[in-house]
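Use these hints to put chain G onto chain S, whose structure you have.
Protein chains: 2
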Amino acid sequence: MAQYQRPDVPPMKDLTTENITDNVQAINSNCPDARLRFLLDRLVNHLHDFARETRLSITEWEATIKFLVDVGKISTDVRQEFVLLSDVLGLSLLVDAIDHPKLQNATEGTVLGPFHTTDAHHVAHGHQISNDADGEPLLAICTVKDTHGMPISHVAVDVWETDSKGFYDVQYADRGDKPDGRAIVESDENGVIFFNAIVPVPYPIPNDGPVGKLLEKLKRHCYRPSHMHFMLKKPGYDRLITALYLRGDPFETSDAVFGVKESLIVDLARVGSTEGLAEKYNVSPDTKLLTYDFILITEEEARQAREEAAQRVADKQGGKLKVVGGLLVPSDS
Amino acid sequence: MAQYQRPDVPPMKDLTTENITDNVQAINSNCPDARLRFLLDRLVNHLHDFARETRLSITEWEATIKFLVDVGKISTDVRQEFVLLSDVLGLSLLVDAIDHPKLQNATEGTVLGPFHTTDAHHVAHGHQISNDADGEPLLAICTVKDTHGMPISHVAVDVWETDSKGFYDVQYADRGDKPDGRAIVESDENGVIFFNAIVPVPYPIPNDGPVGKLLEKLKRHCYRPSHMHFMLKKPGYDRLITALYLRGDPFETSDAVFGVKESLIVDLARVGSTEGLAEKYNVSPDTKLLTYDFILITEEEARQAREEAAQRVADKQGGKLKVVGGLLVPSDS
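Sequences listed follow chains S and G, in order. Counting in this note's numbering, the first sequence runs from 1 upward without gaps. Counting in this note's numbering, the second sequence runs from 334 upward without gaps.
The shape of chain S in the complex, shown without the other chains (with noise of 0.2 Å):
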């Protein structure tokens, strides 16, 4: 064995329940990133108090291998069913929430979910974006500010939502590069984007899969409540990735994967309820009418929002922590 050279590490042998968390913590802290050395550590503990709290046996470490295993296999870059099981287990909105923290009168965030794409065209104010004859029209008229109030303009707005049977168009075998149901609008010197569309429409998730079965077991419905989906981009403003919810929904107070709040529920209207309103966007009067105002936040506000929401957890951590970018590491790095 003399090609072999003893490496340079804490020595460890004869391990059991108990130490088995502190020899692998030891043996990770070679790692010269200390956020990943964070991430690992924490990792680490938490994986290792779980499997000690439960006890797992073997025959369910086999069984969630062959789970994850599933996961991995079945996705692809139209299905995403990695994101699906993080939704799901609330994770996608908790991070969602954690690296977007509420600020002032900003839009709140909610979960990005597995059905974005980077193919919408961009398209001018008052178009279609869908193309479901039998979805029932809606005309959106929104607005993007800043928290002074000011309008932003040029702001990319990317939307996208379902047919009226509840499928986005990646879900259809004969997609191909064709986007249907999602476009890009550009807000103008007002900050106002509008364009048509149709009312969303509660759909299940994607439950013939591995995420599915886990639902089935949990006795849990695959259903997310009807909504539409924003992302806004401007350069110099954080990105925000949203969507807004129809009030009254059957499953507003149980989406499959926790992604309402209350900020983001609206009311529509009926286009024609408001004197002018249909000539002027060249709809007929019974259009549903979806209204609302964003809120952008600028990637400073951002920037010291997370650096203040950081430093709280750090000092919660009486000194053991430090925050480097934004991220939080070990004091001692």
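Quick caveat, the hints were computed from the structure, so don't treat them as lab data. Computed from a predicted structure; not experimentally measured. Be aware that a few hints might be false.
To give an idea of the interface, some chain G residues facing chain S are shown, with a C-beta separation under 7 Å as derived from the structure [claimed, not checked]: (1) Ile-398; (2) Lys-406; (3) His-554; (4) Ser-587.
Here are the computed lysine-lysine pairs in the DSS-like style, where the Cα-Cα straight-line distance is at most 30 Å [stated by the list, open to error]: (5) Lys-546/G / Lys-322/S; (6) Lys-102/S / Lys-234/S; (7) Lys-217/S / Lys-66/S; (8) Lys-73/S / Lys-649/G; (9) Lys-498/G / Lys-552/G; (10) Lys-613/G / Lys-219/S; (11) Lys-511/G / Lys-320/S; (12) Lys-653/G / Lys-316/S; (13) Lys-73/S / Lys-399/G; (14) Lys-178/S / Lys-165/S; (15) Lys-66/S / Lys-550/G; (16) Lys-66/S / Lys-511/G; (17) Lys-546/G / Lys-320/S; (18) Lys-73/S / Lys-567/G; (19) Lys-655/G / Lys-213/S; (20) Lys-435/G / Lys-399/G; (21) Lys-653/G / Lys-322/S; (22) Lys-219/S / Lys-653/G; (23) Lys-217/S / Lys-406/G; (24) Lys-233/S / Lys-399/G; (25) Lys-217/S / Lys-165/S; (26) Lys-406/G / Lys-73/S; (27) Lys-649/G / Lys-320/S; (28) Lys-316/S / Lys-546/G; (29) Lys-322/S / Lys-399/G; (30) Lys-550/G / Lys-320/S; (31) Lys-178/S / Lys-399/G; (32) Lys-613/G / Lys-66/S; (33) Lys-552/G / Lys-73/S; (34) Lys-102/S / Lys-165/S; (35) Lys-217/S / Lys-399/G; (36) Lys-399/G / Lys-66/S; (37) Lys-320/S / Lys-102/S; (38) Lys-66/S / Lys-406/G; (39) Lys-399/G / Lys-613/G; (40) Lys-316/S / Lys-649/G.
Here a beta-carbon is modelled for each residue, glycine too, at the ideal position from N, C-alpha and C.
Then chain G, alone, in the frame of chain S:
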């Protein structure tokens, strides 16, 4: 929306970083399987605490999702990358130790590892299980006894090891259905098994996949110390998955998958050092000699040990948990 019925689950809305955990638990609380409900409860708690404590960023979450998908994608029946991930995080060793509490004088278990197969041939005593002519010859003479020292016959002893280059047969593309470096030997009426093999060598765990890349980032080496795997099975006895490690190996105290235990380390002798042994077993006196006495516990002893260990965890939780079928479940289930 007349076709949808409002589900009968606890209502939730307006989720924050603080109340999301209780809300996810509430919606999972309809699960009729008490054990699954308990596992999910603890999993969600740890997962959310991990995200809150580290303030996991969306970028880090995205990188984790991609990592997990990659781990799933590269996994096959002969490349168990999720098992490997569990191994390098110390989880596999921990779960084995939990499921097989150390009992009296019984042989300790250790990690199964990702290279066990189910197609090893049953061979007669004295068979050479390795076809690698470059390997250093080894004669293994072992016994299998119960905790009272009585020999156990008809135990199927599944053995597997790498070749002299540190690769298992399944790591060669042309392996096909011809197992090599693995076999099943059955104990005789005296509890004895003996077979020929080659002296184990240290080897790297597969490091060309996502788990290997993680170890690189952590500045961890990917070597396992020299060892030979054993799985011992007989109806009525607790299946023992273990391995024997060679004393003095350079990686003895830094095993990449945390498998080494003091009681499983052996000193190899020379067959020629014992009068008459070379002639009796028809090998050269220079052949290395591995001897070990395995001690199995019965299924009933294992069941009792698990039950008692689970009860100790339940007692610590002061009435919140109870033990059913050896597994912890909530008391109110």
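Violated hints, by number in ascending order, as checked against the structure: 8, 10, 11, 18, 20, 21, 28, 32, 34, 39
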